Amino acid sequence: MLDIQKLEKSFGEKRAVQGLSFTVEKGTVLGFLGPNGAGKSTTMRMIAGVLEPDSGDATIDGKSIVSARRDAQAALGYLPEGAPLYDDMTPPEFLAFMAAARSLPRSERKPAIERAIADSRISTVCSQRIGSLSKGYRRRVGLAGAILHDPPVLVLDEPTDGLDPNQKRAVRALIARMAPRKAIVISTHTLTEVPAMCTRAIVVDRGRIVADETPEGLLKLSADGTLENAFTRLTDQAEAESA
Amino acid sequence: MNRFRQQFDSFLPTFRRELGAYFATPMAYVFLAVFLLSIGMFTWEAARFFDTGTADLSPFFVWHPWIYMIFLPALAMRLWADETSAGTDELLLSLPLGMPGLVLGKLCAAWTVAAVGLVLTLPMWITVNYLGNPDNAAIALTYFVSLLMAGSYLSIGAAISALTRSQVTAFVISVVVAFVFTAAGWPLVLSGVKNLFGAGLADLVAQFSFLSHFEAAQRGVLELRAVLFFVGFMTLWTILNGLWASRQRLG
Chain R
1 MLDIQKLEKS
11 FGEKRAVQGL
21 SFTVEKGTVL
31 GFLGPNGAGK
41 STTMRMIAGV
51 LEPDSGDATI
61 DGKSIVSARR
71 DAQAALGYLP
81 EGAPLYDDMT
91 PPEFLAFMAA
101 ARSLPRSERK
111 PAIERAIADS
121 RISTVCSQRI
131 GSLSKGYRRR
141 VGLAGAILHD
151 PPVLVLDEPT
161 DGLDPNQKRA
171 VRALIARMAP
181 RKAIVISTHT
191 LTEVPAMCTR
201 AIVVDRGRIV
211 ADETPEGLLK
221 LSADGTLENA
231 FTRLTDQAEA
241 ESA
Chain U
1 MNRFRQQFDS
11 FLPTFRRELG
21 AYFATPMAYV
31 FLAVFLLSIG
41 MFTWEAARFF
51 DTGTADLSPF
61 FVWHPWIYMI
71 FLPALAMRLW
81 ADETSAGTDE
91 LLLSLPLGMP
101 GLVLGKLCAA
111 WTVAAVGLVL
121 TLPMWITVNY
131 LGNPDNAAIA
141 LTYFVSLLMA
151 GSYLSIGAAI
161 SALTRSQVTA
171 FVISVVVAFV
181 FTAAGWPLVL
191 SGVKNLFGAG
201 LADLVAQFSF
211 LSHFEAAQRG
221 VLELRAVLFF
231 VGFMTLWTIL
241 NGLWASRQRL
251 G
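Note that the protein sequences, when read in sequence, are chains R and U. My numbering numbers the first residue of the first sequence as 1 and each following residue consecutively. My numbering numbers the first residue of the second sequence as 1 and each following residue consecutively.
Do not take every clue at face value.
What the hints assert, rightly or not - Distance ranges between label pairs, derived from CB positions:
id : chain 1 : residue 1 : chain 2 : residue 2 : range
1  : U       : V119      : R       : S10       : 48 to 58 Å
2  : R       : P111      : U       : V221      : 50 to 60 Å
3  : U       : F23       : R       : F11       : 45 to 55 Å
4  : U       : L243      : R       : T199      : 38 to 48 Å
5  : U       : G87       : R       : S10       : 16 to 26 Å
6  : R       : A173      : U       : T88       : 25 to 35 Å
7  : U       : T235      : R       : D212      : 47 to 57 Å
8  : U       : M99       : R       : S127      : 30 to 40 Å
9  : U       : F4        : R       : R115      : 19 to 29 Å
10 : R       : D224      : U       : G87       : 35 to 45 Å
What the hints contain is simulated information worked out from the structure, not anything from laboratory work. Values in this document were obtained by computation on a predicted structure and should not be read as measured data. C-beta atoms are modelled at their ideal positions from N, C-alpha and C, and glycine is treated no differently.
From just these sequences and the hints, can you work out the full model?
The following block contains the structure:
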């Protein structure tokens, strides 16, 4: 579903992403982990067609983001980091804009918007402008925008950041519901979410993959049985190697 | 052909969203109020609309380039800078939208607000008809060229807005650029250029001035040259706008 081949991106001297390759099949929820500045968001931006890779390619549902960008983007739902939204719109207005921008057929727009509102549980804030919503609700409106067109591939950059425990559980349940039909990539800082949400985890550091495991496999790499320890060992190791 | 059309199917969603954004915030209303207030003030106080003794709108049209120069960059400054500073450009670029439709949709939304401002000056036109017998065809033509000129000023502002994430910076730079293209036809500047570099260059400078091209229209003469100038000018800045907005993808 999502196939990433040797993605590279540099910003000036800094090599943000160095030849990243991996594949995500339907039914997989991939946790994309790594310290700040490891290249997670840059990779996700390239998959979403927001940034052009220096080299390499990503194919979404068989369409290349480099040579058939618009077709690839049409098959992708993307939640950018921080869930940027248009503050002057209400959630239904925003979703109507997204539906039009994605050229959904007119007859399908209304049911799609209603479904996205129900799935992301934002019906109570539909009359408010997005600018007045709390962080948790903003994130869910962003999520509603990403799943609106029922894409086969979802890329979510920190979808649970800033949510309270109840909201986190709701998002996790939503992701679990969608998982069998989609390939999903989630980046997160909160390691405790990995076993709860993901079936596979990739740890990146300095633009390279340092581990590609199941959450259980990741735990085996730790000295004391915690994911945190595994994470520290993996990313420190990369630091020591490059130093 | 289909690929070509795809580039523009982003026009309508973008246009609707941007126009909605102008009217969802006080932005459009403040712009319209201040625009009408200042154009009225200049027409009556500075150009003495009632004292000219002739029933025409020349004391009104003469201020258009100068008023546009200040106010239209204020209307255009948010078009791209706001997206960059709010991070919504990332959302926008992740959608399967063609850049040409995006650029034109944004420009046309701002242009529509400017057109509403012009429409709201129609009571002046009605007034001169009440007071005398003006040449209405000439006035209609001047309105038309003025609208084209407004689009040209907006195209500068929109393109420059794509270069920065700060709306204030976009505004200031746009006013300066707009001033250059306005004042190039100002007699004060032209005679200076003429004294320094000769009449040939002064002529050339005047070719790129909004004042010179609007001047014939003010007399009610439709010059194809002027129309082509404004349309060409807008096309050029719109292309720059598209290039500058696509730059984002390179990182």
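Hints versus structure:
1. V119(U) x S10(R): 48 to 58 Å: 51 Å Cβ-Cβ, so the 48 to 58 Å window holds.
2. P111(R) x V221(U): 50 to 60 Å: 56 Å, holds
3. F23(U) x F11(R): 45 to 55 Å: Roughly 38 Å apart at Cβ, these two residues miss the hinted range, so it is violated.
4. L243(U) x T199(R): 38 to 48 Å: Between L243(U) and T199(R), where Cβ atoms are some 43 Å apart, the hint holds.
5. G87(U) x S10(R): 16 to 26 Å: Check passed, 22 Å falls within 16 to 26 Å.
6. A173(R) x T88(U): 25 to 35 Å: This hint holds: roughly 28 Å between Cβ atoms.
7. T235(U) x D212(R): 47 to 57 Å: The hinted range 47 to 57 Å holds for T235(U) and D212(R), with Cβ atoms some 50 Å apart.
8. M99(U) x S127(R): 30 to 40 Å: At 34 Å between Cβs, range holds.
9. F4(U) x R115(R): 19 to 29 Å: Violated - the Cβ-Cβ distance for F4(U) and R115(R), about 33 Å, lies outside 19 to 29 Å.
10. D224(R) x G87(U): 35 to 45 Å: The hinted range 35 to 45 Å holds for D224(R) and G87(U), with Cβ atoms some 38 Å apart.
When each numbered hint is compared with the structure, violations occur for hints 3 and 9.
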